[in-house]
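Asker: Residue numbers (the numbering used here), protein chains in the order written: chain A, 2 to 507; chain B, 2 to 507; chain C, 2 to 507; chain D, 2 to 507.
Don't read these hints as lab results, they were simulated from the structure.
Accuracy of the hints is not assured; some may be wrong.
Identical copies look the same in the list; a pair holds intra-copy or inter-copy alike.
Taking lysine-lysine pairs in the PhoX-like style, the calculated list, with each CA pair at most 20 Å apart, reads [as the list claims (entries may be wrong)]:
id : residue 1 : residue 2
1  : 53        : 359
2  : 243       : 75
3  : 492       : 431
4  : 477       : 431
5  : 15        : 386
6  : 44        : 359
7  : 15        : 371
8  : 386       : 448
9  : 111       : 123
10 : 44        : 448
11 : 96        : 448
12 : 506       : 477
13 : 448       : 362
Protein chains: 4
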Amino acid sequence: MKENRTYQINPNAKVHFHNNVDFCVGTGRMGLALQQEYQEQLKFVQEEIGFKHIRGHGLFSDDMAIYREYKDAKGNVKVEYNFTYLDFIMDSYKKQNLRPFLELGFMPAKLASGEQTIFYWKGNTTPPKSYEAWCDLVTATLVHLMERYGVDEVVQWPIEVWNEPNLPGFWKDADMEEYFKLFQTTFKEIKALDKRFRVGGPAVCGVRDEFWIREFLNFCRRENLKPDFITRHHYTTELPEKQGHYGYAELSDAQAGFDNLQTSRDIIDSFEEYKGLEIHITEFNTSYIPNCPLHDTNQNAAYLAQQLSMLGDVNESYSYWTFGDIFEEQGVPFTPFHGGFGLVANGCIPKPTFWTFKFYKDLSGECVHKEEDSVVLRTKSGGYKGIAWNAVRERMGRELALSFELPVTNEQEYVLLTKTVDEETCNPLKLWHDLGEPASLSEEQRKLLRDYSRPMIASRRLRAEANKVTLDLNVKEHGVVYFELQPVCQKSDRGYDYERVMQFKS
Amino acid sequence: MKENRTYQINPNAKVHFHNNVDFCVGTGRMGLALQQEYQEQLKFVQEEIGFKHIRGHGLFSDDMAIYREYKDAKGNVKVEYNFTYLDFIMDSYKKQNLRPFLELGFMPAKLASGEQTIFYWKGNTTPPKSYEAWCDLVTATLVHLMERYGVDEVVQWPIEVWNEPNLPGFWKDADMEEYFKLFQTTFKEIKALDKRFRVGGPAVCGVRDEFWIREFLNFCRRENLKPDFITRHHYTTELPEKQGHYGYAELSDAQAGFDNLQTSRDIIDSFEEYKGLEIHITEFNTSYIPNCPLHDTNQNAAYLAQQLSMLGDVNESYSYWTFGDIFEEQGVPFTPFHGGFGLVANGCIPKPTFWTFKFYKDLSGECVHKEEDSVVLRTKSGGYKGIAWNAVRERMGRELALSFELPVTNEQEYVLLTKTVDEETCNPLKLWHDLGEPASLSEEQRKLLRDYSRPMIASRRLRAEANKVTLDLNVKEHGVVYFELQPVCQKSDRGYDYERVMQFKS
Amino acid sequence: MKENRTYQINPNAKVHFHNNVDFCVGTGRMGLALQQEYQEQLKFVQEEIGFKHIRGHGLFSDDMAIYREYKDAKGNVKVEYNFTYLDFIMDSYKKQNLRPFLELGFMPAKLASGEQTIFYWKGNTTPPKSYEAWCDLVTATLVHLMERYGVDEVVQWPIEVWNEPNLPGFWKDADMEEYFKLFQTTFKEIKALDKRFRVGGPAVCGVRDEFWIREFLNFCRRENLKPDFITRHHYTTELPEKQGHYGYAELSDAQAGFDNLQTSRDIIDSFEEYKGLEIHITEFNTSYIPNCPLHDTNQNAAYLAQQLSMLGDVNESYSYWTFGDIFEEQGVPFTPFHGGFGLVANGCIPKPTFWTFKFYKDLSGECVHKEEDSVVLRTKSGGYKGIAWNAVRERMGRELALSFELPVTNEQEYVLLTKTVDEETCNPLKLWHDLGEPASLSEEQRKLLRDYSRPMIASRRLRAEANKVTLDLNVKEHGVVYFELQPVCQKSDRGYDYERVMQFKS
Amino acid sequence: MKENRTYQINPNAKVHFHNNVDFCVGTGRMGLALQQEYQEQLKFVQEEIGFKHIRGHGLFSDDMAIYREYKDAKGNVKVEYNFTYLDFIMDSYKKQNLRPFLELGFMPAKLASGEQTIFYWKGNTTPPKSYEAWCDLVTATLVHLMERYGVDEVVQWPIEVWNEPNLPGFWKDADMEEYFKLFQTTFKEIKALDKRFRVGGPAVCGVRDEFWIREFLNFCRRENLKPDFITRHHYTTELPEKQGHYGYAELSDAQAGFDNLQTSRDIIDSFEEYKGLEIHITEFNTSYIPNCPLHDTNQNAAYLAQQLSMLGDVNESYSYWTFGDIFEEQGVPFTPFHGGFGLVANGCIPKPTFWTFKFYKDLSGECVHKEEDSVVLRTKSGGYKGIAWNAVRERMGRELALSFELPVTNEQEYVLLTKTVDEETCNPLKLWHDLGEPASLSEEQRKLLRDYSRPMIASRRLRAEANKVTLDLNVKEHGVVYFELQPVCQKSDRGYDYERVMQFKS
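Isolated chain A (complex conformation) (with noise of 0.2 Å):
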């Protein structure tokens, strides 16, 4: 089934186009950090993509051993900081170029009121026994922070109190009184250490967020708080069903997702103290399960392209969960291809999300089209950028045969270059499984995958005529596309005759 569509554009539109796509990405607990697999899948993420901050939780998680309690001499209890582990993951961050966008959590267990814990990683998710502990705790590690990288440097790191406590899982009761405390007593005891940090929350997902996020800002005003920001989860599919160590969830509506930020965004600007607030989606994803296998497939991809052309129109920031596959929330995944929410499957290998994050940021001019299939740039050297996109909730066969007439300045020659992926030109989970789906992977196999799981690339030349190019694209059904058409001034060296040497006929 071939559809066909065709745009003329205008190249003096100015489309709203808040494209953010390298601010911000998620990683597995912090404490994975230590592991090399997590850097090897994160300098390759950052040589390609590049972002910009990182977030994830784990900060203050047993694993990182920051705080830890002993006894003296008189057999009281003291608490002293050990930052071995966190200096040796900031190191890596600043070499891979990245800043953290810290969240602050989850409890470490001496300091714990409960032992409630979630995740095959045990995070606590239970308040402070002493608030005055948790500040000294915040303050310790930012003091240190700030002595090792800077001052100046670490003020820049936004930071966001705890992580989705609208969910009873993820804070204990879910009790709304006990995190705006939370917030309102960390908040103030970062400010008065520099009151530069930039502080938000409340860090929602799913559940009564709206009011959340409602009552969140009623208790700022009345405590006269100012948040820096607002941060909220944005997530795209059903209830995911369990089979195995699996679970499959069917993508839910686009649009409305995108309705439901509108709503946040329209219940910050309703408030007049907190109008145009910025809001940082700190998570986004289809799936919010780790062992989802749509995460891994091509619809996936192409559901995301259109998800990246909108999430900056009422949005600051929106940071994709995650960027690798080193994750340990439902235990050490058995297979490569697992369903992990990251762009990098484990091995090393790009899965065909990962190019779509990789287009946007390559990305770049005015942006003069955005529709559900595609958007158009156009550029400073007077040609156009481009990505289009085929994404449906269920397959139904639909091939987009998407023209695009594009002016130009003047009668010239134009170089189209396409990258393309697709179910056929870029699809490591149909290769991994006719391979056997095997658990463990052979040098030889990864590599294989890894050579596999890249765009198709192709030129063709185009000529202006009557002052426009005509770019005819076909988009396979799961297909993202990325497109640059540039003008070409064709110097041929002394002698040289392509023609010839190609054996055309003239």
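Fit chains B, C and D to the known structure of chain A by using the hints.
Answerer: What follows is chains B, C and D alone, placed relative to chain A:
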């Protein structure tokens, strides 16, 4: 135009196929090995293909600075040797896991009897003014190498005396008698040093080569010399037509070339003493000029695919001339795609022919099929590997539809991997042309070309029926396809359902 | 205080010196091998020293996630195995050119019969709740490794059953009978899989070790078991005194330790069936706690120099505990110089003891001298290599002035190379102290420490007199000096006059 | 012989010290930048020292292959330009974080008016046969560079017209009038292209240099030219005495050299129009021949230490001739220590002088002391940095005992770091000599030399008394010592007792 061909493979056929593709590769003159770009190209070639030996001209040319004369206190001319650059180069080859195939030549200017030179870099091609001094030079060089790299190592480096003495440009007047003198003197000198050295000649090319080989062996018989091998060259284009910086040449009939090789074999075998003596083709390529755009094309890759299936038939080895495009015989090239001999273009961009070599390197198993368009081997694991190509001398729009019926021993599933290099999938020359044939590549263009110059990988599941797997391959004109068929035993992880992930209807 | 000692070397003395320094090295628990800093330290160690095997605890501990239980549809508990992390780690060892010396332990929590754990990282030290399930785990793991790395490879990996069962912390109640059951069951399981596997025990340490070894062999004899080797540990300090994060321990008399090793040898040899059975010291160091500042000192390096000269006397191998300081048994260290076991401190800074190992690794030749302060070997090239040290248990200000009279065969010049590690030349602990004992090293400090932590190199020309070269070495207290004496044949280049360059008066 | 000197430092002294050590460094001819060993040496130099510009000869020499002539169809000679190698080289400089300091020269053979050449590599040193063609060449080259690297970038590259035209070897007949013509023509051509270019001359060296500078400015004034800077060279040895491959030269009096530099300054300042015009010393070293063993010595390092303290006094910059030993002016060197100009010997072995540059690069702060043997700067952190040296023209066995009394503001502890390069601690020439002066280094010897060629690092704790720290330094003859004094605030970890670890009696 589509042409169908079906091959029924006999798994027990013992087809003669001496695949020695990685024995040796050619290089621009020794002194160029000092260059960084040269070494980077070589590193890439060695990582992907991995040749065992390397052979080039100019070991004794002046830029190597080995042979030095000076005057002593009494004003007498004395000789000294400088091995500084030689060490740099041999160290680099060792690091690249290569042994030299030493070619003794050309003449140091101070040791030469005349002023005739060849090439932009002016290699002196006249006999020595003193054979004694020449022998001293050869011995001093070999002794130095033996001291540095070990005697047992260096005696394994084959030695060839001079290059193409049958051409007057390479050896003054193509003086056969003088060459025989050079050979005999050098041969004896080396064998006296260590008789384990393997020494051969006469490295002839093209003109009257049969006559030269016959006379060479007559001479050897007369003088009771036992050369360790015979060397010759093999080029397969007609005379090029010059236009500006370039020469355009047409491919010659492949069979004529193979017949010529057979003639060399027959001549040698006609001597009782030399029957079965190894022949090393110490240079081969399509065109013999370093500015023939043909070298950069897919056509070259397909034509070479057939060559590589046959060159071992009557020869021990065959050395492609050359691995890379750092090469100065006709001067410094003006553009990256200037028709150089290299498997790799400047900027470390693999050309289509590079992949033909890579594919042959990856073959293993017992040959069960060899025809003008394909070669197939049976592997130990119960599968097959092979290469198919579509080589034509003139573009005619022919697509080959090959069908291989491959017997297998059990009823199971197989995965077919294909790697395709053709004018659509891996054609850097076209991309470069589409970009406007830039003489200076930007870093971005270089990366784009490198990313594009890779085979397209695909996989398919095939099921055996009646103990047979039928493998259908379409090979586009000038295309080369590598394939592997492996039995696959699928073990899905608990709960993993690929069909469901992909939304395939069952 | 200077002490003079003269040694007249007999070049034909055949002194027993089994230098097996590179056979094996210890590591923090397996799971830590996932970490990047761990791998960087290991890479450094392997490049400079190059061990052959690596041994550590925790193969089956929960962080490795190998043993997994789940409930099937009917609610029955089933077992499955996850080798994802095991593959990461074994791949990394292979890349580092290491084979594991497998230690089977500790117990997965779900498979354990009790809740007793050891260390900060909580290794379960109770017997299996089911020996059948334990055997399944062992077999599944070995079979997986054989599939991945090849049967012929994996059977070369020595296997040790459990660690220090004679200590109640490591094995519940130090229950000897239970350990013997574990050993026998495991031994038979592995031999049934492939009898080429080499399996040993009982890995005892310190307390009642002689009794354990004797009883172990009695048991084996009774049960007709033929263990492939005996393992034990070897530490040489008195009980440490605890103070804050640290333990201070005094070195014990070296001879007492060697006597203890001899006793093990004697016990084994007293069994007819086991006479000459290999003993592997699978752990040794001075102190047995990972927070003993002694490990970071030059004193440790000098003391170990003597150990390394003797440990091969009655043992097949001896594995230093451990290569690096990524190690969590007592928690995460607060500073880089915290007295960890490692040859290398965090930040990849070699400690003095690192160089003792490097020096032993660089020895080669026939041993002609071995005393309490030095070892000397005669080399093939007609020179000597050796190590001298100045080991004292308490600082006393003793400088050793050693004089070696070394017979040589011809009257020529020699060059003496020395590499000196002592408290002045290579003492990172002092530099770190002088810098204020920083817990967090800046990149600059790290580099400074690394640059400083290298032996001081010096050279001297010595002339043979009366067929003898006299080599005088001053070894400062706690110093270790490596030396090489090589014949030198000077060939100055034409016109080069070193005396003149240096303005030496002749 | 020990000589004591005490310096009482005034922390508020504002001593003139224009430390521009990293502005520029010299290189062998451009074409050598294609070489791998060259690039490795440059990488090492850039990582450790980090120069900003690089200057060498031979931009237009034939091996660069820029200027090419050919005949068109009608037989007319035409010119074309080949920028292939130029791009390779400029790309490499960019990657090494270097900008060229362009020297325009020498003459392409085809563009030359005569056949006079200089050096082993035969740089043509005659005026152009056509000034128009010369100008085309200059413009084409600059335009190409501007297209490739950006206009705003390239106009920042200083341009010098020719090299040492006052010497007849470098400019035919040292024809002053002809040089002025070349300068004027070239200057105008470049300024017409972009007036932001900074263009200077006359790059004189030694002979009649003062006369040339004066006449050059007279000419410029007459012709109303405003050169952007004046360039000259600075060498400080007497005439070398030739012996075999080497030249032995004695150091000249340093003050005479500084006086000569002052004279240049005075001459320029005597012109009202050119008063204060920047002087760039575009070459300096001790000896001006590339085979002077002095360059490899510690004596050179110490002598240069004084030079670097003074060369900024009346000059804007001073470019050491050269960074490395890939250099062919007198042919290819026979040994690694052949007295080349380089900071680094072949094999990437730093010479003592390398460290003098490194030390100056590491200085920062306000200069408070500058004498013939030392320079001291006050740092922001309340400490000091400095360099001391012991430079003598003839070996006399003098050791300097320097004592610096350094005022500090508070009573605390300080750490003194010293890095010492002298004939004992860092003297690769001696080690190489002791090894027998091998022409070919084995990999092991190369590593040994590299490991040895590093400063000896030491640290000391010093305590302030009466607001003063007294720093005592012994500097051996030909020694150079870098030192840093930093306040140190010791924070020992809980329980850590350094005195106890070290068994120091308290």
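Asker: Hint by hint, note whether the structure agrees.
Answerer: Hint check:
1. 53 to 359: Intra 14 Å, inter 34 Å, cutoff 20 Å: intra-copy only.
2. 243 to 75: Intra 53 Å, inter 16 Å, cutoff 20 Å: inter-copy only.
3. 492 to 431: Classified as between; 15 Å across copies, 43 Å inside a copy.
4. 477 to 431: For residue 477 and residue 431, only the intra-copy Cα distance (16 Å) is at most 20 Å; the inter-copy one is 24 Å.
5. 15 to 386: within (15 Å within a copy, 55 Å between copies)
6. 44 to 359: Within. Shortest intra-copy distance 14 Å satisfies the 20 Å Cα cut-off; inter-copy 28 Å does not.
7. 15 to 371: within (10 Å within a copy, 62 Å between copies)
8. 386 to 448: Answer is between: at 18 Å across copies they meet the 20 Å cutoff, but 31 Å inside does not.
9. 111 to 123: both (13 Å within a copy, 16 Å between copies)
10. 44 to 448: Classified as both: same-chain Cα gap 17 Å, cross-chain 18 Å, threshold 20 Å.
11. 96 to 448: Answer is between: at 16 Å across copies they meet the 20 Å cutoff, but 26 Å inside does not.
12. 506 to 477: Classified as between: cross-chain Cα gap 18 Å, same-chain 33 Å, threshold 20 Å.
13. 448 to 362: So residue 448 and residue 362 pass the 20 Å test across copies only (16 Å; inside, 25 Å).
No hint from the list above goes unmet by this structure.
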